[in-house]
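Residue numbers (my numbering), protein chains in the order written: chain A, 1 to 303; chain B, 1 to 303.
These are calculated hints, taken from the structure and not from any lab test.
The reader is advised that the hints may include incorrect statements.
Same chains, same label: a pair holds when it works inside one copy or across any pair of copies.
Stated by the list, open to error - No farther apart than 20 Å at their CA atoms in a straight line, the calculated lysine to any residue pairs in the SDA-like style are these: (1) Lys105 to Ala149; (2) Lys254 to Asp97; (3) Lys254 to Met168; (4) Lys110 to Met96; (5) Lys241 to Arg292; (6) Lys248 to Asp100; (7) Lys110 to Cys95; (8) Lys265 to Gly104; (9) Lys110 to Val169; (10) Lys105 to Thr183; (11) Lys248 to Leu101; (12) Lys52 to Gln276; (13) Lys15 to His284; (14) Lys254 to Thr35; (15) Lys110 to Ala242; (16) Lys265 to Tyr112; (17) Lys110 to Pro94; (18) Lys15 to Asp178; (19) Lys110 to Glu172.
There are 2 protein chains.
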Amino acid sequence: MLAGVETDILGEGLKRVQADIDSLFDALLPVPEDTSARLIEAMRYAAIGGGKRVRPLLVVSTASMFGVSRDAALRAGAAIEAIHVYSLIHDDLPCMDDDDLRHGKPTLHKVYDEATAVLAGDALHALAFEILAEEETSTDPFVRSELIATLGKASGMHGMAGGQMMDMVADEEGVTYDLQAITRLQQLKTGALLAASVEMGAVLGRVAPQGRAHLRAYARDIGLAFQIADDLLDVEGDVEKAGKALRKDSEQGKQTFVTLMGVDKAREQARALVDQAIGHLSSHGPEADILRALARFIVERDR
Amino acid sequence: MLAGVETDILGEGLKRVQADIDSLFDALLPVPEDTSARLIEAMRYAAIGGGKRVRPLLVVSTASMFGVSRDAALRAGAAIEAIHVYSLIHDDLPCMDDDDLRHGKPTLHKVYDEATAVLAGDALHALAFEILAEEETSTDPFVRSELIATLGKASGMHGMAGGQMMDMVADEEGVTYDLQAITRLQQLKTGALLAASVEMGAVLGRVAPQGRAHLRAYARDIGLAFQIADDLLDVEGDVEKAGKALRKDSEQGKQTFVTLMGVDKAREQARALVDQAIGHLSSHGPEADILRALARFIVERDR
Chain A
1 MLAGVETDIL GEGLKRVQAD IDSLFDALLP VPEDTSARLI EAMRYAAIGG
51 GKRVRPLLVV STASMFGVSR DAALRAGAAI EAIHVYSLIH DDLPCMDDDD
101 LRHGKPTLHK VYDEATAVLA GDALHALAFE ILAEEETSTD PFVRSELIAT
151 LGKASGMHGM AGGQMMDMVA DEEGVTYDLQ AITRLQQLKT GALLAASVEM
201 GAVLGRVAPQ GRAHLRAYAR DIGLAFQIAD DLLDVEGDVE KAGKALRKDS
251 EQGKQTFVTL MGVDKAREQA RALVDQAIGH LSSHGPEADI LRALARFIVE
301 RDR
Chain B
1 MLAGVETDIL GEGLKRVQAD IDSLFDALLP VPEDTSARLI EAMRYAAIGG
51 GKRVRPLLVV STASMFGVSR DAALRAGAAI EAIHVYSLIH DDLPCMDDDD
101 LRHGKPTLHK VYDEATAVLA GDALHALAFE ILAEEETSTD PFVRSELIAT
151 LGKASGMHGM AGGQMMDMVA DEEGVTYDLQ AITRLQQLKT GALLAASVEM
201 GAVLGRVAPQ GRAHLRAYAR DIGLAFQIAD DLLDVEGDVE KAGKALRKDS
251 EQGKQTFVTL MGVDKAREQA RALVDQAIGH LSSHGPEADI LRALARFIVE
301 RDR
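So that you can see chain A by itself, here it is in the shape it has in the complex (with noise of 0.2 Å):
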């Protein structure tokens, strides 16, 4: 369990940044006055309320450390966040994973349809460009540049969509990984985004790529805690407290690290991985104490 003032640190500043993020998409998002308000209220549905807003807390967190305006950090992650739920959208299609319930609501193509879900899905994924390249993000164009470059890659077929296909692969052609694949997809699919979201907070707060080392040692090990405690959820969460449909991995027979080690080892191997991250910031002081209650909660967490 967390102790008691972590949980308070980390849960203020998930609550402020949640709120922080639900006020930025609401600005970014005005309901035009034409037919494409579909467009945009169906946006506003996926992006605003709901979330943990954990990566975003993560690129908050990484540029506080080195003095980057709340304000900038807060647009780096939201165009983070776009991706995210622009992923979450296009998964849970009817053809990807199918599924009816996210945070706790209807998922989008059930509240419109399949073809708008879609084309929100393509236009926060726009969105998150566009954020990072005007200069409210940062007024350095080579910052918005990087910001750009790592988020890009994060999220395409390097990344996020690349992980993703292994996982569709393997679950239409009876594919099974191996520790090490599933290690290698899981980096892919959930760590590179998490990974970007420390990066791009080094990025703004211009920290040279040679003293990220440590931070993305960090932002590696907390990926990989963070999807062991999605599995170890997909077996043991309670469905109204995740707000999503549950057991999903093991009807469908799916290797996940909970089936290739067992319960007992997966959660062990969570903790280990979460005391290495917090090991990785050890040359900083209390200012990373954010960071390293968020690297608790990710194995913690009920949802």
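Using the hints, position chain B against chain A.
Below, chain B without anything else, positioned relative to chain A:
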């Protein structure tokens, strides 16, 4: 009909750009040895071969007027084309236009499956921004960032995606648009990306925003002419040559420039727009000849 010399300039230009864009996508999309290979193979199927490459030719031709290296302009052209291709993949999905034929071959979801088509579209979308964020496109981060802002805006909710939603709402809710509304819809759906092609050529050429007004006017006019020509093709075209389904608009009782204006008036209007577009290039000499030829090609093409 096009004059002989213009056909030559244009025919050569298109052929060369088609070959160059194909090689560039080939280089950008090496097939990996892991199970994400299917994703990259699907991206290649959709992106390599078949397209007219009007948008890349617009970028390359505009950029060459200002002395930009062909390699840089081709990369920007490939980025726009990646966006164009992703939008066609998603448009062709069963939940959208449900098309079986594109560029004379089966659509991506027919060859693979819907999930692969969604994901390949998403990955091409990300690829566009990855390409633009790299130094090979421009060593000046300000130029890179401006290219990304231009493309993000043209493809997102205030551009292509917004126009597609307006189109979808008309189909589903039986909203009928008048000529003004159809013009606005098409300016978003098709015009925005064509205009961005010219704009990005000018950005690469470091033409100041105020010096781009006549190029913007040219792009706006050819964008509209392009769509009127598409509506004419839908009515009068040859399916074999077009390489895609035709007569869809009239079968669906959809409002288009042709239903609103009639065939003769629509053709007259398209030609007037082309003359007007060419008029906007009067301050340029022979270096703009290819843009002039391209404007004429847009209304005379048979696919």
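Unmet hints by their number, sorted upward, for this structure: 1, 5, 8, 10, 12, 13, 16, 18
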